[in-house]
Every structure is written in C-alpha cells, then in structure tokens.
Amino acid sequence: ARRAPRAACERAALTPPCTCTPTNAHPAKARLLLCPPELLHGTDCAPAALAALKASTLRKVTLLVRRGPAAAAFTPKELREVLGMDGIRVSIDGAQTADTLLTDGDREAMVTSRPRRRVYDLLCKAAEAAGDSSAARELEMRFFTSPSAFVAGADRSDGGVARVECQARGETGVTDAIDDVALVLTSIGQRGVPMEGAPFDHERGVVPNDGMGRVVAAPGSTDAVPGLYVVGWLKRGANGIVGTNLVCAGNTVACIEDDIARGTLVPKGSATDPADVIRSAAEASSTRSVSWAGWEAIDAEERRLGEADGRPRHKLTD
Numbered sequence: 001a002r003r004a005p006r007a008a009c010e011r012a013a014l015t016p017p018c019t020c021t022p023t024n025a026h027p028a029k030a031r032l033l034l035c036p037p038e039l040l041h042g043t044d045c046a047p048a049a050l051a052a053l054k055a056s057t058l059r060k061v062t063l064l065v066r067r068g069p070a071a072a073a074f075t076p077k078e079l080r081e082v083l084g085m086d087g088i089r090v091s092i093d094g095a096q097t098a099d100t101l102l103t104d105g106d107r108e109a110m111v112t113s114r115p116r117r118r119v120y121d122l123l124c125k126a127a128e129a130a131g132d133s134s135a136a137r138e139l140e141m142r143f144f145t146s147p148s149a150f151v152a153g154a155d156r157s158d159g160g161v162a163r164v165e166c167q168a169r170g171e172t173g174v175t176d177a178i179d180d181v182a183l184v185l186t187s188i189g190q191r192g193v194p195m196e197g198a199p200f201d202h203e204r205g206v207v208p209n210d211g212m213g214r215v216v217a218a219p220g221s222t223d224a225v226p227g228l229y230v231v232g233w234l235k236r237g238a239n240g241i242v243g244t245n246l247v248c249a250g251n252t253v254a255c256i257e258d259d260i261a262r263g264t265l266v267p268k269g270s271a272t273d274p275a276d277v278i279r280s281a282a283e284a285s286s287t288r289s290v291s292w293a294g295w296e297a298i299d300a301e302e303r304r305l306g307e308a309d310g311r312p313r314h315k316l317t318d
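When we follow the numbering used here, the leftmost residue of the sequence shown carries the number 1, and every step to the right adds one.
No lab work stands behind these hints: they were computed from the structure. All values derive from a computational prediction rather than experimental measurement. It is possible that some hints are incorrect.
[Said to hold, decoys possible] Pair ranges (Cβ atoms, derived):
1) D176 with H202: 34 to 40 Å
2) S280 with N245: 47 to 53 Å
3) G220 with G84: 19 to 25 Å
4) G263 with E307: 42 to 48 Å
5) A198 with D121: 31 to 37 Å
6) L228 with S289: 35 to 41 Å
[To be verified] Taking lysine-lysine and the DSS-like style, the derived pairs with C-alpha atoms no more than 27 Å apart in a straight line are:
7) K29 with K125
8) K29 with K54
9) K315 with K77
10) K77 with K54
11) K125 with K315
12) K77 with K29
13) K315 with K29
14) K125 with K77
Every residue gets a Cβ at the ideal spot worked out from N, C-alpha and C, and that includes glycine.
Work the whole structure out from these sequences, hints included.
Below, the structure is given as structure tokens:
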C-alpha cells in the first residue's frame with residue numbers, strides 16, 4: 001500500500017476478518033513494522049518504503065487472530081523471525097501463557113501436527129519471556145478475536161481509521177476496542193467468480209482443472225479444454241504462501257510446455273509460435289507487456305543501482 005502511517009501515531013492493527021482464516025503473511029508484516037529501520041538498509045526494501053518506515057513512530061502492533069494459537073496459520077520459521085527480534089516485547093491477550101487459550105480441538109490437532117505444536121511452543125516461550133516492560137516496541141497477539149468495526153477519526157482528512165472495535169468469538173464474546181490506530185492491515189478472504197468462456201466450479205469457487213493447470217470441461221471431468229490453463233487461487237482456492245504459488249505456477253507452465261512439445265497446443269490463426277499468439281493477443285487488447293529480455297534489463301538495472309548503495313537491488317516501482 002502507498003499510504004503511510006500517520007507520523008505521530010504509535011499503533012497499528014493487523015486484522016484478519018471473521019470470515020477468513022488468519023493469514024501467515026501478518027507475522028512478516030509485523031516484523032517489518034517493528035524492525036529497526038537501520039537493519040533494513042542492506043535489504044532490497046524499496047527506498048520509498050524504507051523512508052516511510054524511518055519516519056514512522058509506530059511502537060506497538062496488535063495482531064487480531066480469529067482462531068486460537070494452535071490453529072493460527074503461521075509457519076514456525078516466520079514466527080521465529082518476528083519473535084526473535086531484539087527490543088521487542090511480546091504479549092498474548094495480556095497473559096503470560098497461551099495455554100489458557102487452547103481448546104480441546106487444538107490439543108488434539110497438536111498431537112497429529114508437528115508444525116502446529118512448534119508454533120504453539122514458540123508462542124508460549126515468547127509470552128513467558130515478555131516481562132521486559134522496558135522494550136521499545138511491542139507485538140500484542142489477541143486470539144479468538146475479530147474486528148467488528150473500523151471507525152474513522154474525526155481529525156482524519158483522508159478518512160483513515162482511528163479506532164478498531166473488536167468482538168471475541170462466541171455469542172457472548174467480550175467487546176473491546178483499540179484506540180489511536182495509525183494503520184490497519186486486513187487479510188481479506190477471496191473467492192473466485194466465473195469468467196466468460198471458461199467452465200466454473202460454483203461450489204469451490206475455482207475453475208475446474210486436472211490439479212496441474214489444465215482446465216477441464218466440468219468438476220470431476222477428465223476432458224481437458226484445449227488451450228485453456230489456470231493458475232493461482234482460481235486454480236486451487238484462496239490458500240497457500242508465496243512458495244505455494246511458485247510451485248503452482250511452475251506446474252501450470254510445465255503443462256503448457258508439455259502440450260506444446262506433444263503438439264496438442266495448436267495456436268489459432270496463421271501463427272505457429274505460441275509466443276507470437278500471446279504477443280498478438282496482448283497488442284490487440286492494448287495490454288502493456290514485458291518481454292523476457294525487458295525483464296532481464298530491469299533486473300540488471302535494479303542490481304546495478306543497489307550495488308552502489310551496498311544493497312542487493314534498488315527496486316524500480318514505477
């Protein structure tokens with residue numbers, strides 16, 4: 001997002017909504033917001049983002065999680081990175097232990113899932129070590145809690161949020177609020193919608209496919225639709241991390257390459273090279289495209305600019 005936190009405010013809220021499983025992206029966001037800016041200088045963080053983080057006075061990040069600590073969609077590695085930062089105090093619902101937040105279902109899940117157990121153990125250790133009140137920054141985790149309203153501040157000319165009202169899980173859940181919020185980041189649930197010319201699985205909200213990337217005629221069918229492929233959340237549903245998307249995209253591209261090699265992907269019209277077909281389609285729709293050579297040129301320039309500043313690259317964002 002291009003909007004920066006208000007310079008004078010000290011709090012941010014990361015809030016998955018009631019209808020969405022907590023995202024594992026939020027620990028990474030919390031880490032970035034709480035990390036001392038000088039530690040980011042040697043990274044590929046975009047200059048504009050780095051400048052905003054240097055100017056920020058954020059000192060506390062509150063992470064609202066719809067489920068409990070054993071069901072949170074954090075990976076152990078991501079959690080270790082954010083919990084292991086120096087000068088950060090971690091609090092869990094104001095308690096010193098996460099054990100009281102476990103449900104019977106959570107306990108059963110941890111027996112069969114080692115990653116869930118590791119995540120829970122990390123949270124417990126972090127909470128037990130949270131006694132240092134002198135820490136400059138704080139990460140607060142509120143489990144079984146979802147936002148119920150975002151209230152704009154009367155003094156905000158941009159209509160920004162100043163207060164987040166929360167609701168604990170359950171019909172008699174306790175209501176609470178987070179005041180003087182500088183920034184709210186939400187994890188928004190997504191569901192695919194039908195598109196013209198492609199079959200659709202209305203029950204799952206995806207384009208039916210063979211599991212690798214070839215679109216099939218209907219859910220459960222093995223009849224591939226010639227020349228039609230799908231990737232990402234429209235292929236498998238709204239789930240996974242960056243690594244999941246990389247594997248997903250690789251599988252779809254492999255399907256296309258295999259079909260070209262076998263001669264089953266036949267371009268329409270007079271063109272015989274699939275790349276020419278894609279290029280012609282992009283030109284016909286006035287879509288701006290970047291060739292592989294163009295991408296390599298951008299990559300080389302980013303690396304050149306970064307090298308002069310002692311960084312992996314200087315990202316070109318516009």
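How the hints compare with the structure:
1. Separation of D176 from H202 is about 38 Å and conforms to the stated range, judged on CB atoms against 34 to 40 Å.
2. Checking the proposed 47 to 53 Å range against S280 and N245 shows it is violated: the Cβ atoms sit about 28 Å from each other.
3. For the pair G220 and G84, the beta carbons lie near 46 Å from each other, so the given range of 19 to 25 Å is not met.
4. G263 and E307 have their C-beta atoms about 45 Å apart, which keeps the hinted 42 to 48 Å range intact.
5. The hinted window of 31 to 37 Å between A198 and D121 is violated, with their beta carbons roughly 45 Å apart.
6. In this structure, L228 and S289 break the distance hint of 35 to 41 Å, their C-beta atoms being roughly 20 Å apart.
7. For a cut-off of 27 Å, the pair hint linking K29 to K125 stands: about 21 Å separates their Cα positions.
8. With a C-alpha separation of about 15 Å, the suggested pairing of K29 with K54 holds against the 27 Å cut-off.
9. With a C-alpha separation of about 25 Å, the suggested pair K315 and K77 falls inside the 27 Å cut-off, and the hint holds.
10. Distance hint between K77 and K54 is fulfilled; the C-alpha atoms sit about 26 Å from each other, no more than 27 Å.
11. Taking the CA atoms of K125 and K315, the gap is about 37 Å. The hint is violated against a cut of 27 Å.
12. Pair hint K77 plus K29 holds up; C-alpha atoms about 14 Å apart against a cutoff of 27 Å.
13. Proposed proximity of K315 and K29 is supported: the alpha carbons are some 19 Å apart, at most 27 Å.
14. The hinted pair formed by K125 and K77 meets the criterion: a straight-line CA distance of about 15 Å does not exceed 27 Å.
The structure shown violates the earlier hints numbered 2, 3, 5, 6 and 11.
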